[in-house]
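Given next are the chains, with one letter for each unit.
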Amino acid sequence: MAVDRFPVEASHIMMFARSVGDDNQIYYDADYAKGTEPGTVIAPPTFAQASAQFDPDYFLRPKIGQPWFGSGGSPTGIKKESSGGGGGGGGGLHAEQHFEYHRHLKPGDVLTATNLPGKTWEKEGKRSGKLVFSETVTEYRDQNGELVITARGVGVRTERPVDQ
Amino acid sequence: MALKAADLNVGDTYTECLVEDLKRTQIVQYAGASGDYNPLHTDEVFTTEVAKYPSVFAHGMLTMGMTGAMLTNYVGDGRLTKYGVRFTSQVWPGDTLNSTATVESIEDGLVNLNVETVNQDGVKVLSGYAQARVD
Chain A
1 MAVDRFPVEA SHIMMFARSV GDDNQIYYDA DYAKGTEPGT VIAPPTFAQA
51 SAQFDPDYFL RPKIGQPWFG SGGSPTGIKK ESSGGGGGGG GGLHAEQHFE
101 YHRHLKPGDV LTATNLPGKT WEKEGKRSGK LVFSETVTEY RDQNGELVIT
151 ARGVGVRTER PVDQ
Chain B
165 MALKAADLNV GDTYTECLVE DLKRTQIVQY AGASGDYNPL HTDEVFTTEV
215 AKYPSVFAHG MLTMGMTGAM LTNYVGDGRL TKYGVRFTSQ VWPGDTLNST
265 ATVESIEDGL VNLNVETVNQ DGVKVLSGYA QARVD
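Protein sequence lines, in the order shown, are assigned to chains A and B. The opening position of the first sequence corresponds to residue 1 in the working numbering, with each subsequent residue numbered one higher. The opening position of the second sequence corresponds to residue 165 in the working numbering, with each subsequent residue numbered one higher.
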């Protein structure tokens, strides 16, 4: 995701750590963190994904005043049938995610995220028909322009919902 | 506590239970924290009636995040240099997940780990690798 300004904040790190069931106090307690090897609160390894919060165009967040495809009075808020991708729900499924850490994030960092073009490929799936994969490489840079995390995500659109 | 290269052997394993009986509320928590509000993860009506899945299911990134906690508990704070996964099967409310890191190689102050997370039926839901600095 492309983001102009992703401020890394302690309360966001705390909420993120809670959500992944991680009770390591380095994510919650600045005093405790002083006694750890990093010497400061840091972010959990997958925290960069929360840059979605700061992407103004992120399509999996309801936007004020705009239709949303989740249920309300009816099963979806979008009137017309969504096009293709039975696995749908807008954007298909997440197939792979890779992170390379040049350093770990900490509160006070202000990041930018830039997308580089990635590959696209197709495959025939046993459980969901034709699969279309697309890759995105995202470079996260800090307030000094230093590369801090390189992320590579692979999304997949399925022809129909994955057989269970 | 960081790992020491001298104490590690190829084939060593470290396992943690990531979650027992995964709750929909935890998936909601992850949606809120990560910003990924795809209704497939939190909206049972949409997911069963429109997307035609049997129920909501966890974000792949929730499984990766929980697996990441196992990894950092093993290798120590701030020690990871690489972490990547493939999501091989969906994770559903009610699932119990166990995750294992296995030492594949140790060289130049780095350990390479194979990472695998399985559900209560032994089905692999996540498969990947990690690399960390060791003393």
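Do not take every clue at face value.
What the hints assert, rightly or not - Taking lysine-lysine and the DSS-like style, the derived pairs with C-alpha atoms no more than 25 Å apart in a straight line are:
#1 A:Lys126 to B:Lys288
#2 A:Lys119 to A:Lys106
#3 A:Lys119 to B:Lys246
#4 B:Lys216 to B:Lys246
#5 A:Lys34 to A:Lys106
#6 B:Lys187 to A:Lys123
#7 A:Lys130 to B:Lys246
#8 B:Lys216 to A:Lys126
#9 B:Lys216 to A:Lys123
#10 B:Lys288 to B:Lys168
#11 B:Lys168 to A:Lys34
#12 B:Lys168 to B:Lys187
#13 A:Lys130 to B:Lys288
#14 B:Lys288 to B:Lys216
#15 A:Lys106 to B:Lys187
#16 B:Lys246 to B:Lys168
Read the hints as simulated data drawn from the structure, not as lab findings.
Evaluated hints:
no. : hint                 : result
1   : A:Lys126 to B:Lys288 : holds (17 Å)
2   : A:Lys119 to A:Lys106 : violated (31 Å)
3   : A:Lys119 to B:Lys246 : holds (21 Å)
4   : B:Lys216 to B:Lys246 : violated (35 Å)
5   : A:Lys34 to A:Lys106  : holds (12 Å)
6   : B:Lys187 to A:Lys123 : violated (33 Å)
7   : A:Lys130 to B:Lys246 : violated (31 Å)
8   : B:Lys216 to A:Lys126 : holds (18 Å)
9   : B:Lys216 to A:Lys123 : holds (22 Å)
10  : B:Lys288 to B:Lys168 : violated (29 Å)
11  : B:Lys168 to A:Lys34  : holds (22 Å)
12  : B:Lys168 to B:Lys187 : violated (36 Å)
13  : A:Lys130 to B:Lys288 : holds (22 Å)
14  : B:Lys288 to B:Lys216 : holds (23 Å)
15  : A:Lys106 to B:Lys187 : violated (29 Å)
16  : B:Lys246 to B:Lys168 : holds (18 Å)
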